[in-house]
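Using full-length UniProt numbering, the letters of the sequence shown map in sequence onto residues 1 to 180.
These are calculated hints, taken from the structure and not from any lab test. All C-beta atoms, glycine included, are put in the ideal place defined by N, C-alpha and C. Be aware that one or more of the hints could be misleading.
Now the in silico label distances, taken between C-beta atoms and shown as ranges [claimed, not checked]: (1) G36 / R170: 17 to 25 Å; (2) L48 / P7: 17 to 25 Å; (3) Q50 / Q171: 22 to 30 Å; (4) K10 / A31: 29 to 37 Å; (5) P61 / T167: 41 to 49 Å; (6) G58 / A9: 25 to 33 Å; (7) A31 / P7: 20 to 28 Å; (8) N75 / T167: 33 to 41 Å; (9) K10 / D161: 19 to 27 Å; (10) G173 / D51: 24 to 32 Å; (11) P61 / A164: 42 to 50 Å.
Pairs of lysine-lysine, DSS-like flavour, derived with a Cα cap of 27 Å [to be verified]: (12) K20 / K95; (13) K65 / K20; (14) K20 / K34; (15) K20 / K49; (16) K65 / K168; (17) K65 / K10; (18) K49 / K95; (19) K168 / K49; (20) K49 / K65; (21) K34 / K49; (22) K20 / K10; (23) K34 / K65.
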Amino acid sequence: SAAPSAPGAKNYLFDAGGSKFGDATRFFAQAYQKRGIVFDHVVVWEALKQDYEAYWDGVTPEVRKFWEPRTLFHNGVPVTATEGDQHNPVDRIAKLCRPEDFCAFKLDIDTPQVEGPIVQQILDNRANIAGLLDEFFFEHHVHGLFQNYGWGDQVAGTYADSYAIFTKLRQLGIRAHSWI
1 SAAPSAPGAK NYLFDAGGSK FGDATRFFAQ AYQKRGIVFD HVVVWEALKQ DYEAYWDGVT
61 PEVRKFWEPR TLFHNGVPVT ATEGDQHNPV DRIAKLCRPE DFCAFKLDID TPQVEGPIVQ
121 QILDNRANIA GLLDEFFFEH HVHGLFQNYG WGDQVAGTYA DSYAIFTKLR QLGIRAHSWI
């Protein structure tokens, strides 16, 4: 699907690994907003518990006033690959998103043993996720040049694996992008 045009359609952003709003979450929210997609709901998970105000550090009062009521911040709550769990992003997307909605998902938790099964659930089209998820951003931690600039020894795959994953996601109809 594209940006909602049907009556009652909504825009969702799911951010697994959203340490601070001023980092990737703000980037996605504002980049989409510039393109005419304003998220009605932003669901964020961050495994490391922090002071709630720290999540909004560096965000102007105007930006915070606009986005805070739309944002559900799971502070100190990691995502899980456990099927049926409320903190499994695939299950949350399946519960909230409808085909007429626009749903984007960023996965970057620096934990390949959780990221891999979540990606596999998408590849397996569990819960008909391909019919609900429009856009997916994923930092695949692979062996090679970039591991020294981001994820070190937390690796799970090769560049060839990444090409296979992103190709299959696109074949499912999901606009899938590498995220670093």
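Each hint tested on the structure:
For the pair G36 and R170, the supplied restraint of 17 to 25 Å holds, since their beta-carbon distance comes to about 23 Å. Hint check: L48 to P7, Cβ distance near 40 Å, so the stated range 17 to 25 Å is violated. Evaluation of the 22 to 30 Å hint for Q50 and Q171 yields a failure: the beta carbon distance comes to about 38 Å. At roughly 18 Å, the beta carbons of K10 and A31 sit outside the given window of 29 to 37 Å.
Taken as a hint, the range 41 to 49 Å holds for the pair P61 and T167, whose Cβ atoms sit roughly 43 Å apart. For G58 paired with A9, a C-beta distance near 32 Å keeps the hint of 25 to 33 Å intact. A hinted range of 20 to 28 Å for the beta carbons of A31 and P7 is consistent with their spacing of about 26 Å. At roughly 35 Å, the beta carbons of N75 and T167 sit within the given window of 33 to 41 Å.
K10 and D161 have their C-beta atoms about 33 Å apart, which leaves the hinted 19 to 27 Å range violated. Checked against the given bound of 24 to 32 Å, the beta carbons of G173 and D51, roughly 40 Å apart, lie outside it. Taking the beta carbon of each, P61 and A164 are about 45 Å apart, inside 42 to 50 Å as hinted. The suggested pairing of K20 with K95 holds, with an alpha-carbon distance near 25 Å, which does not exceed 27 Å.
The suggested pairing of K65 with K20 holds, with an alpha-carbon distance near 15 Å, which does not exceed 27 Å. Between K20 and K34 the CA atoms are separated by roughly 21 Å; this keeps the pair inside 27 Å, and the hint holds. About 11 Å separates the Cα atoms of K20 and K49, which keeps this hinted pair within 27 Å; it holds. Between K65 and K168 the CA atoms are separated by roughly 39 Å; this puts the pair beyond 27 Å, and the hint is violated.
A distance of roughly 20 Å separates the Cα atoms of K65 and K10; the hinted pair therefore holds under the 27 Å criterion. Annotation: proposed proximity of K49 to K95 holds, straight-line Cα distance about 25 Å (limit 27 Å). Our distance criterion of 27 Å between C-alpha atoms is broken by K168 and K49, whose separation comes to about 34 Å. This hinted pair checks out: K49 and K65 have alpha carbons roughly 22 Å apart, not beyond 27 Å.
Of the supplied pair hints, the one linking K34 and K49 is violated, its CA atoms being roughly 31 Å apart against a limit of 27 Å. At roughly 24 Å between alpha-carbon atoms, K20 and K10 fall within 27 Å of each other, so this suggested pair holds. At most 27 Å may separate the alpha-carbon atoms for a hinted pair to count; K34 and K65 meet this at roughly 18 Å.
The structure does not agree with the numbered hints 2, 3, 4, 9, 10, 16, 19 and 21 stated previously, though it agrees with the rest.
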